[in-house]
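**Q** Letter by letter, the chains look like this.
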Amino acid sequence: MRVLITGSGAICAAGASPAAVVDAALAGRSGIAEVASFDPAGWPRRLAAEVADYNAAKLVGDRKLLKLIRRSDVFGIYACSEALAQAGYDAHRASLDEAAQVALAEGTGCYVGSGGGAFNVNYDYFPLMAEAHGDLGVFGRELASMVNPMWLLRTLPNNVLCHVGIRHGLKGPNGCITHHTTSGLLAVIEGAEAIRDGEADRVVSAGHDAPVEPQTMLYYQRCGLLAESALRPFDVRRDGSVLGEGAGALMLESEASASARGAVALGEYLGGGVASEGGGLLALREDGDGPARAIEAALADAGVRASDVGIVVAHGNGTPLSDRSEAAALRQVFGAAMPPVTAFKWSTGHPLAASGILDVTLGLEAARRRVVPGIATLGTLDPACAGVSVSATARATTSDVVLVVCRGFGGTNAVVVLRAFPA
Amino acid sequence: MNGRHARRVAITGLGVVTPAGNDVESMWARLLSGRSCGAPIASFDASGFSTRIAAEVRGVDALPISGDRKLLKFGNRSHRFALAAAEQAMRDAGIAPTPTDRDRWGCVVGTGMMTVSYDELASVQANAAPDGELDAAKVLDESTSNDPMAFCRSQSTAGVALLMKRFDIAGYASSVHTACASGGQAIGTALRVIRRGAADRVLAGGFDSMVSPVGLSGFCLLSAVSADNETPERASRPFDATRNGFLLGEGAGFVVLEAWEMAVARGARIYAELAGDGNSLSSYRITDSHPSGDGPIQAMRRALRDAGAQPSEVDYLNAHGTSTPMNDRSEAAAAAVVFGDGVGRVAVSSTKSVMGHLIAAAGAVEAVVCTLAIHRSMLPPNANLRDIDPDCAHLDIVRDGPRERRVRVALSNSLGFGGSNSCLAFRHPDDARALMRAAR
Numbered sequence: 001m002r003v004l005i006t007g008s009g010a011i012c013a014a015g016a017s018p019a020a021v022v023d024a025a026l027a028g029r030s031g032i033a034e035v036a037s038f039d040p041a042g043w044p045r046r047l048a049a050e051v052a053d054y055n056a057a058k059l060v061g062d063r064k065l066l067k068l069i070r071r072s073d074v075f076g077i078y079a080c081s082e083a084l085a086q087a088g089y090d091a092h093r094a095s096l097d098e099a100a101q102v103a104l105a106e107g108t109g110c111y112v113g114s115g116g117g118a119f120n121v122n123y124d125y126f127p128l129m130a131e132a133h134g135d136l137g138v139f140g141r142e143l144a145s146m147v148n149p150m151w152l153l154r155t156l157p158n159n160v161l162c163h164v165g166i167r168h169g170l171k172g173p174n175g176c177i178t179h180h181t182t183s184g185l186l187a188v189i190e191g192a193e194a195i196r197d198g199e200a201d202r203v204v205s206a207g208h209d210a211p212v213e214p215q216t217m218l219y220y221q222r223c224g225l226l227a228e229s230a231l232r233p234f235d236v237r238r239d240g241s242v243l244g245e246g247a248g249a250l251m252l253e254s255e256a257s258a259s260a261r262g263a264v265a266l267g268e269y270l271g272g273g274v275a276s277e278g279g280g281l282l283a284l285r286e287d288g289d290g291p292a293r294a295i296e297a298a299l300a301d302a303g304v305r306a307s308d309v310g311i312v313v314a315h316g317n318g319t320p321l322s323d324r325s326e327a328a329a330l331r332q333v334f335g336a337a338m339p340p341v342t343a344f345k346w347s348t349g350h351p352l353a354a355s356g357i358l359d360v361t362l363g364l365e366a367a368r369r370r371v372v373p374g375i376a377t378l379g380t381l382d383p384a385c386a387g388v389s390v391s392a393t394a395r396a397t398t399s400d401v402v403l404v405v406c407r408g409f410g411g412t413n414a415v416v417v418l419r420a421f422p423a
Numbered sequence: 001m002n003g004r005h006a007r008r009v010a011i012t013g014l015g016v017v018t019p020a021g022n023d024v025e026s027m028w029a030r031l032l033s034g035r036s037c038g039a040p041i042a043s044f045d046a047s048g049f050s051t052r053i054a055a056e057v058r059g060v061d062a063l064p065i066s067g068d069r070k071l072l073k074f075g076n077r078s079h080r081f082a083l084a085a086a087e088q089a090m091r092d093a094g095i096a097p098t099p100t101d102r103d104r105w106g107c108v109v110g111t112g113m114m115t116v117s118y119d120e121l122a123s124v125q126a127n128a129a130p131d132g133e134l135d136a137a138k139v140l141d142e143s144t145s146n147d148p149m150a151f152c153r154s155q156s157t158a159g160v161a162l163l164m165k166r167f168d169i170a171g172y173a174s175s176v177h178t179a180c181a182s183g184g185q186a187i188g189t190a191l192r193v194i195r196r197g198a199a200d201r202v203l204a205g206g207f208d209s210m211v212s213p214v215g216l217s218g219f220c221l222l223s224a225v226s227a228d229n230e231t232p233e234r235a236s237r238p239f240d241a242t243r244n245g246f247l248l249g250e251g252a253g254f255v256v257l258e259a260w261e262m263a264v265a266r267g268a269r270i271y272a273e274l275a276g277d278g279n280s281l282s283s284y285r286i287t288d289s290h291p292s293g294d295g296p297i298q299a300m301r302r303a304l305r306d307a308g309a310q311p312s313e314v315d316y317l318n319a320h321g322t323s324t325p326m327n328d329r330s331e332a333a334a335a336a337v338v339f340g341d342g343v344g345r346v347a348v349s350s351t352k353s354v355m356g357h358l359i360a361a362a363g364a365v366e367a368v369v370c371t372l373a374i375h376r377s378m379l380p381p382n383a384n385l386r387d388i389d390p391d392c393a394h395l396d397i398v399r400d401g402p403r404e405r406r407v408r409v410a411l412s413n414s415l416g417f418g419g420s421n422s423c424l425a426f427r428h429p430d431d432a433r434a435l436m437r438a439a440r
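As they're listed, the protein sequences go chains A and B. Numbering of the first sequence is given in my numbering, commencing with residue 1 and proceeding in unit increments. Numbering of the second sequence is given in my numbering, commencing with residue 1 and proceeding in unit increments.
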């Protein structure tokens with residue numbers, strides 16, 4: 001069963017649509033800057049990729065909803081709305097009679113990858129804890145007067161799934177995946193599989209996260225994962241990643257559903273693969289075993305050969321070991337016939353749970369233009385990454401087949417293969 | 001049915017850590033006894049909370065966890081539950097990944113939403129937010145804030161990473177969270193992963209602990225938990241006319257799932273077939289399904305369709321049955337629609353009446369309960385039912401003690417905040433074998 005992509009949405013520091021972010025990348029623009037949401041004076045690592053001019057009410061178009069959701073959810077709901085709008089979903093629903101609307105709702109699923117909330121969801125308890133001075137008796141008695149009664153609901157990791165469902169009346173199969181960085185890409189894979197299984201006719205898949213806040217940033221820094229002055233994928237001088245925020249979303253649809261509603265396909269989901277290294281939360285193998293197996297599994301699932309791939313969107317998070325081992329995996333799979341490789345995190349930052357699906361929306365957009373945006377921060381390729389075909393400047397794709405790699409804590413690697421339909 | 005359904009999935013290993021017992025035998029005995037685990041909270045001072053009762057796991061420090069003890073530093077209370085329950089399940093299945101097949105093993109878990117322990121949070125607050133507002137500059141010097149181990153424990157993938165390292169699993173991995181439906185959705189995902197050939201064996205389950213100041217607070221603020229502080233053993237009474245909220249539990253449940261033919265080839269004991277996964281979104285309200293049962297109805301119907309089973313084959317429904325006014329009414333309405341005139345022939349119980357609501361672990365532990373019901377031809381009772389809610393009176397609730405019954409198909413409902421509904425279908429292994437013979 002073919003799975004088509006009929007809508008796409010994205011938001012991150014570099015732009016509020018896949019087209020805008022690809023434009024930014026092609027122009028060499030990065031959304032990375034000194035943290036604005038808190039004062040990073042005195043911090044050894046001060047960079048982040050934050051969405052500028054954040055206006056939650058404008059992004060979700062529903063002021064009342066803001067009482068029930070957090071910043072990360074705002075991004076997720078926005079990206080889903082964009083993907084659904086591009087697919088013409090609500091307009092199609094409005095054109096149907098009541099019985100057909102029910103059938104449409106039951107056949108439409110939603111799979112969301114969620115960061116599960118940054119550390120800052122707990123900050124809402126700090127005023128109460130300051131009042132209680134460690135006395136849990138006081139904590140319990142003063143709770144209702146000092147903490148928002150909706151705290152738990154605002155904090156649910158599955159809020160985007162819930163509210164996108166309510167907004168658009170989706171009643172099909174669903175999931176919320178909280179698997180660190182790979183969450184969004186796993187949501188694409190499971191959404192596509194629900195269509196292949198015949199459980200759904202169409203699915204909204206999304207990923208969202210908003211990890212830029214003091215405690216989370218400090219933890220990443222203490223683990224040696226953050227860059228000082230720039231995120232430089234595969235560069236010899238790379239020294240870490242930069243936390244970003246945002247969301248990506250796709251409307252996936254069976255060929256029958258898309259053609260029945262006359263939806264325009266942007267591309268096609270060809271396959272996915274998942275493999276873990278099992279070494280623990282932060283461990284990565286030097287030899288790229290996990291990403292290599294995930295890429296091989298995705299190519300096999302997609303039924304395409306390595307030589308068919310025309311653009312690779314690498315994870316390229318800018319940390320020394322991750323990029324080096326990812327390079328090893330790419331060499332193992334593609335050998336000397338390496339397709340053009342790029343990565344977007346130098347421009348978008350690393351929006352954790354959103355990163356894989358954001359990269360899918362960007363890879364799809366770029367491949368529809370038949371262009372491989374350059375990595376503007378790339379100076380000298382690390383000899384340990386030799387053989388990875390990256391460039392500081394834009395090149396042409398060598399085919400319409402896009403391969404997207406995503407790696408996360410827990411040593412999990414997820415890979416998706418798509419075919420772009422050039423505009 | 002499409003071609004993927006040709007691959008059936010066997011349940012060959014079970015493990016639990018629950019308020020009703022820290023292994024399968026003791027949990028089962030407690031469930032059959034019908035004695036509820038509700039009691040005053042012992043793990044922290046809950047004297048000031050509107051609800052001061054819960055169903056807690058006892059003997060946490062004594063939980064048998066083998067392998068590298070250093071792993072425990074990377075885990076919190078719920079991860080400890082997960083390691084202990086998974087250990088039981090893997091031993092029970094009598095199989096473990098080898099260097100040549102570790103990539104064919106997956107791990108899918110339903111995880112809780114509590115990321116930081118209260119003590120860690122208290123340390124950050126005292127030093128970096130003494131006035132209640134976080135001061136970013138002070139975070140830089142705070143000890144917990146600089147502790148990479150605290151960070152590791154707080155990650156959504158902390159549990160699955162520990163399990164994969166402990167058992168050397170290197171294939172498909174996912175952590176899912178759809179609130180109270182998490183455990184069911186995790187096992188349903190694992191079923192699909194094996195069917196489509198992305199793995200041959202999956203360690204699947206769920207773990208959670210919200211029995212903590214912040215966890216309990218969330219539910220107290222919503223008035224979702226019963227405040228029957230004087231009668232904790234009666235607090236969880238699903239389907240009773242006087243029910244007034246759920247009893248918070250904690251724990252973990254795990255199953256080992258295997259492609260049926262591979263389980264047969266190695267001569268494994270097969271407890272039951274994991275036959276179907278049904279999954280729907282209510283899209284009604286954040287915390288409730290529609291009183292008509294819309295939402296749960298679709299999940300149950302999809303599970304039966306996915307299992308290739310008729311409603312008339314269902315002998316046991318392990319209800320979500322939280323003991324909240326809205327849930328039990330909606331779920332009872334859903335059963336009436338799905339089973340129609342046959343609703344009175346389906347035995348129903350909510351084991352939350354005994355062990356409380358294990359939140360993200362609930363669906364996983366209740367999958368173990370359904371498997372045992374099939375394996376032992378015995379249905380655990382719904383404790384504390386005195387006056388049945390008239391809206392639920394059409395249900396044949398197993399009350400006043402366990403009931404012997406051979407179960408052809410069992411269903412397990414898990415309905416989550418956020419509107420996700422999971423229903424898993426389990427089939428007696430002899431019936432699965434008969435279906436396979438008939439197909440040949």
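The reader is advised that the hints may include incorrect statements.
[What the hints assert, rightly or not] With the C-beta cut set under 7 Å, the calculated list includes, among others, these residues of chain B facing chain A:
1) 6
2) 131
3) 143
4) 155
5) 164
6) 308
7) 310
8) 311
9) 418
It should be emphasised that the hints constitute simulated quantities derived from the structure, not laboratory data. This structure is a prediction, so every number in the text was calculated from the model and none was measured. For each residue, glycine too, the CB sits at the ideal point set by N, CA and C.
**Q** A separate judgement is required for each hint: does it hold in the structure or not?
**A** Hints, verified against the model:
1. 6: Result: violated, 13 Å to nearest chain A Cβ.
2. 131: holds, 6 Å
3. 143: violated, 11 Å
4. 155: Because about 6 Å separates residue 155 (chain B) from the closest Cβ in chain A, which is inside the 7 Å limit, the hint holds.
5. 164: Nearest chain A Cβ about 4 Å off; hint holds.
6. 308: It is violated, given that the least Cβ distance between residue 308 (chain B) and chain A is near 13 Å, above 7 Å.
7. 310: violated, 19 Å
8. 311: Interface hint status for residue 311 (chain B): violated (18 Å vs cutoff 7 Å).
9. 418: holds, 4 Å
Going down the numbered hints, you'll see the structure goes against 1, 3, 6, 7, 8, while the others check out.
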